[in-house]
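Visitor: Each chain, letter by letter, is given below.
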Amino acid sequence: MFKKILVANRGEIAVRIIRGCRDLGVSPVAVYSDADRDALHVKLSDEAYRIGPPPSSESYLDGAKIIEVAGQSGAEAIHPGYGFLAENSQFAQSCAENGIVFIGPSASSIALMGDKIASRRAVKSASVPVIPGSEDPVLSADQATAVAAEIGLPLMMKASAGGGGKGMRVVHEEADLSSAFRDASSEAKTYFGDPTVYLEKLIENARHIEIQILADSYSNCIHLGERECSIQRRHQKLVEECPSPVVDAEFRRQLGKAALAVAGAAHYENAGTVEFLVDTSGPRADWQFYFLEMNTRLQVEHPVTEMVTGVDLVREQLLISAGEELSYRQEAIEMRGAAIECRVYAEDPTRNFMPSPGKVTTLFEPSGPGIRHETGVYEGFVIPIDYDPLVSKLIAHGRNRSEAIQRMKRALGEYRVGGVKTTIPFFHRLLSHQGFLEGHLHTDFIDSQGLVDSRAEVSAVEPLIAAAVDYFARDQERRKASRPLRSLWKESGRRYWK
Amino acid sequence: MKLQARLAKETFEISIELLPELDGCQQLEVTLRNGELEQRYYVVLLGRQNDRWTLRLDNAIEDFVISRAEGRSWVDWKNQLFPIEISDYRRRSVRQTGSQAPEGELAFKAQMPGKIVRMLKSAGDRVEAGEGVVVVEAMKMQNEIAAPRKGEIVSCDLEEGASVSAGDILFTIG
Numbered sequence: 471m472f473k474k475i476l477v478a479n480r481g482e483i484a485v486r487i488i489r490g491c492r493d494l495g496v497s498p499v500a501v502y503s504d505a506d507r508d509a510l511h512v513k514l515s516d517e518a519y520r521i522g523p524p525p526s527s528e529s530y531l532d533g534a535k536i537i538e539v540a541g542q543s544g545a546e547a548i549h550p551g552y553g554f555l556a557e558n559s560q561f562a563q564s565c566a567e568n569g570i571v572f573i574g575p576s577a578s579s580i581a582l583m584g585d586k587i588a589s590r591r592a593v594k595s596a597s598v599p600v601i602p603g604s605e606d607p608v609l610s611a612d613q614a615t616a617v618a619a620e621i622g623l624p625l626m627m628k629a630s631a632g633g634g635g636k637g638m639r640v641v642h643e644e645a646d647l648s649s650a651f652r653d654a655s656s657e658a659k660t661y662f663g664d665p666t667v668y669l670e671k672l673i674e675n676a677r678h679i680e681i682q683i684l685a686d687s688y689s690n691c692i693h694l695g696e697r698e699c700s701i702q703r704r705h706q707k708l709v710e711e712c713p714s715p716v717v718d719a720e721f722r723r724q725l726g727k728a729a730l731a732v733a734g735a736a737h738y739e740n741a742g743t744v745e746f747l748v749d750t751s752g753p754r755a756d757w758q759f760y761f762l763e764m765n766t767r768l769q770v771e772h773p774v775t776e777m778v779t780g781v782d783l784v785r786e787q788l789l790i791s792a793g794e795e796l797s798y799r800q801e802a803i804e805m806r807g808a809a810i811e812c813r814v815y816a817e818d819p820t821r822n823f824m825p826s827p828g829k830v831t832t833l834f835e836p837s838g839p840g841i842r843h844e845t846g847v848y849e850g851f852v853i854p855i856d857y858d859p860l861v862s863k864l865i866a867h868g869r870n871r872s873e874a875i876q877r878m879k880r881a882l883g884e885y886r887v888g889g890v891k892t893t894i895p896f897f898h899r900l901l902s903h904q905g906f907l908e909g910h911l912h913t914d915f916i917d918s919q920g921l922v923d924s925r926a927e928v929s930a931v932e933p934l935i936a937a938a939v940d941y942f943a944r945d946q947e948r949r950k951a952s953r954p955l956r957s958l959w960k961e962s963g964r965r966y967w968k
Numbered sequence: 065m066k067l068q069a070r071l072a073k074e075t076f077e078i079s080i081e082l083l084p085e086l087d088g089c090q091q092l093e094v095t096l097r098n099g100e101l102e103q104r105y106y107v108v109l110l111g112r113q114n115d116r117w118t119l120r121l122d123n124a125i126e127d128f129v130i131s132r133a134e135g136r137s138w139v140d141w142k143n144q145l146f147p148i149e150i151s152d153y154r155r156r157s158v159r160q161t162g163s164q165a166p167e168g169e170l171a172f173k174a175q176m177p178g179k180i181v182r183m184l185k186s187a188g189d190r191v192e193a194g195e196g197v198v199v200v201e202a203m204k205m206q207n208e209i210a211a212p213r214k215g216e217i218v219s220c221d222l223e224e225g226a227s228v229s230a231g232d233i234l235f236t237i238g
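As given, the protein sequences belong to chains A and B, one line each in that order.
Numbering (this note's numbering) for the first sequence: 471 to 968.
Numbering (this note's numbering) for the second sequence: 65 to 238.
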């Protein structure tokens, strides 16, 4: 095992990886931008190095700088977390060239899966179904129109180098094709440095179900069941579950088999996730699944799988990268109970999830039976405007789905965040929603069920009283603060003018 | 002390009187008036840490987190957020009103710091309500800022790539 690992990330995932290092007796090295001097991942590390100013392009995305710091600190390996450099094949390549182990798959696996057009081809040849769409890049609005005529509307325009909902547009009308093409390719250029886009048929009311896999360098490859990630906004996940409320053992076996075929086609090593779009609108026998993409890294939602299977995914990642064999065989993977994760973002759910950065003035973290809380913030920390506004991930585990949901509700009820608006009120409504409780999920669930509405304008006496008491107390404090000055003036007046 | 509060388009008059301490805790009498309705509550301040309050309202224990932003108090109660405009009768005259733009014109301000990605309109253009005027990128998201109402763009002179701070005027509509 390595002695020292550099964690090339920030926030809750950096904290998670630092903990994973410590659990194996490895010394964690942190990096930080000027916005994160005070961040939790810095406090919890053994060594921490400044890598630049707040913008991620000049800090957490600066691969050369991070490799330089790794050399300086004597770290033998780099864990990229998710986001930033995690799916950058050139970075993985540079690590290898500099004699540093990149904790993740090979540069060529990342490159193949990162190119959505090439990966569609590779997956198709591994006999895994892909969504009908353009085989080649779409280079102009006119070409987009031609392809649209072939595969039909509505469709999805996606960045070839993309992921995480960036550079992605849904097109319902032919008239919107050119503006969608312009926006998607501009966003793709901004985020991924590559404006290439392609088209896929939009599968409506589909579920997003993904399979976690682990592969070592001895050709052992296993899957750890599925995660249901259909609750999304802006094509980004908000709530994830393990297992999916609809997947049975037989369907899990089919999905798992397909995921392993995809991993095989990519000569995959380390932890990865194969995402599928699943059309469950018809009867069970007609369910269709399509390969969506493969994420060649640790996922944000990995804890739900950890809670249900008992496998520590970060530990397995480190062991695989250190050249060890997988600790588990496929038969040893058992799904126990159910887990659910809520991503608590500093966003205003009543204003279309608009980011709400700022100082966290109050933070009370829930705990108790079946609760896990992953965060990179603490009371007094200022959530920087430069990065994703994730406050924490709250995970609940129970014997079954309803117990997990009940525990999640209890934990959310205890959770207090002050100073920034969060998605917690939204989760409350979602977890009480009949359709959600029945498990009828699809990727447009939030919008179609009217769960994003304008600011809830409800009246209640209690908050009015609290606001009044708070106002009264602050007024008293102001008076107290100004009193000594006044009396001092009076005193000196008396002394000199008497 | 007399206060005026607005919540969910309703206005309340609130008066607060300090009562003798109860078991070492501050006790207040709070009277809420909304039109004809008047209700009196006895409030015991059990605890306060930063902006988190524990109050006993009559017999119930209630837990609140109160933050202030956009000129309002945001009361988080039972995982619901209540935006309350609250003011003191004495201070009401000082409260600012309206935007900085001349009358009849509406200035649209940036809600948070960001970067101008694209200007979709320029001064002199007519816009319909809901039509995009400028694309701003904030926290890794591109947001198209739409005209809040029909009119003519009076000023809109930001450059693409320019940084904006919260409160900066993005465009003015006449």
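Please note that a few of the clues may not be correct.
If you want a taste of the chain B side facing chain A, the calculated C-beta under 10 Å gives, among others [claimed, not checked]: (1) Ile180; (2) Met183; (3) Ser186.
Straight line, CA to CA, 25 Å or less: simulated DSS-like cross-link-like pairs of lysine-lysine [as the list claims (entries may be wrong)]: (4) A/Lys950 - B/Lys66; (5) B/Lys179 - A/Lys829; (6) A/Lys535 - A/Lys659; (7) A/Lys513 - A/Lys594; (8) A/Lys659 - A/Lys671; (9) A/Lys829 - B/Lys185; (10) B/Lys173 - A/Lys829; (11) A/Lys594 - A/Lys474; (12) A/Lys879 - B/Lys179; (13) A/Lys659 - B/Lys66; (14) B/Lys73 - B/Lys142; (15) A/Lys659 - B/Lys179; (16) A/Lys535 - A/Lys474; (17) A/Lys513 - A/Lys474; (18) A/Lys594 - A/Lys535.
Stretches of chain B that chain A covers, calculated by requiring three or more beta carbons in the stretch to come under 8 Å of a beta carbon on chain A [stated by the list, open to error]: (19) 139 to 150; (20) 188 to 198; (21) 210 to 216.
Everything labelled a hint here was simulated from the structure, so no lab data went into it.
Where is the CB? At the ideal position from N, CA and C, for every residue including glycine.
Visitor: Would you mind marking each hint as holding or not holding in the structure?
Guide: The hints, checked one at a time:
1. Ile180: violated (13 Å)
2. Met183: Cβ of B/Met183 sits 13 Å from chain A, so the hint is violated.
3. Ser186: At about 18 Å, which exceeds the 10 Å cut-off, the nearest Cβ of chain A leaves the hint on B/Ser186 violated.
4. A/Lys950 - B/Lys66: It holds: about 19 Å lies between the C-alpha atoms, which stays within 25 Å.
5. B/Lys179 - A/Lys829: holds (21 Å)
6. A/Lys535 - A/Lys659: Satisfied, since the Cα-Cα distance of roughly 23 Å is no more than 25 Å.
7. A/Lys513 - A/Lys594: This hinted pair is violated, its Cα atoms lying about 46 Å apart.
8. A/Lys659 - A/Lys671: Holds, because 22 Å separates the two Cα atoms, which is no more than 25 Å.
9. A/Lys829 - B/Lys185: Since the Cα atoms of A/Lys829 and B/Lys185 sit roughly 35 Å apart, the hinted pair is violated (cutoff 25 Å).
10. B/Lys173 - A/Lys829: Given that 25 Å is the threshold and the Cα spacing comes to 22 Å, the pair holds.
11. A/Lys594 - A/Lys474: Answer violated: A/Lys594 to A/Lys474 is near 40 Å, above 25 Å.
12. A/Lys879 - B/Lys179: Cα-Cα ~38 Å, so violated.
13. A/Lys659 - B/Lys66: Cα-Cα ~57 Å, so violated.
14. B/Lys73 - B/Lys142: OK: B/Lys73 and B/Lys142 at ~21 Å, within 25 Å.
15. A/Lys659 - B/Lys179: Between A/Lys659 and B/Lys179 the Cα gap is close to 16 Å, so the pair holds against 25 Å.
16. A/Lys535 - A/Lys474: holds (18 Å)
17. A/Lys513 - A/Lys474: Given that 25 Å is the threshold and the Cα spacing comes to 17 Å, the pair holds.
18. A/Lys594 - A/Lys535: violated (38 Å)
19. 139 to 150: holds (count 11)
20. 188 to 198: violated (count 0)
21. 210 to 216: violated (count 0)
The earlier numbered hints that this structure contradicts are 1, 2, 3, 7, 9, 11, 12, 13, 18, 20, 21.
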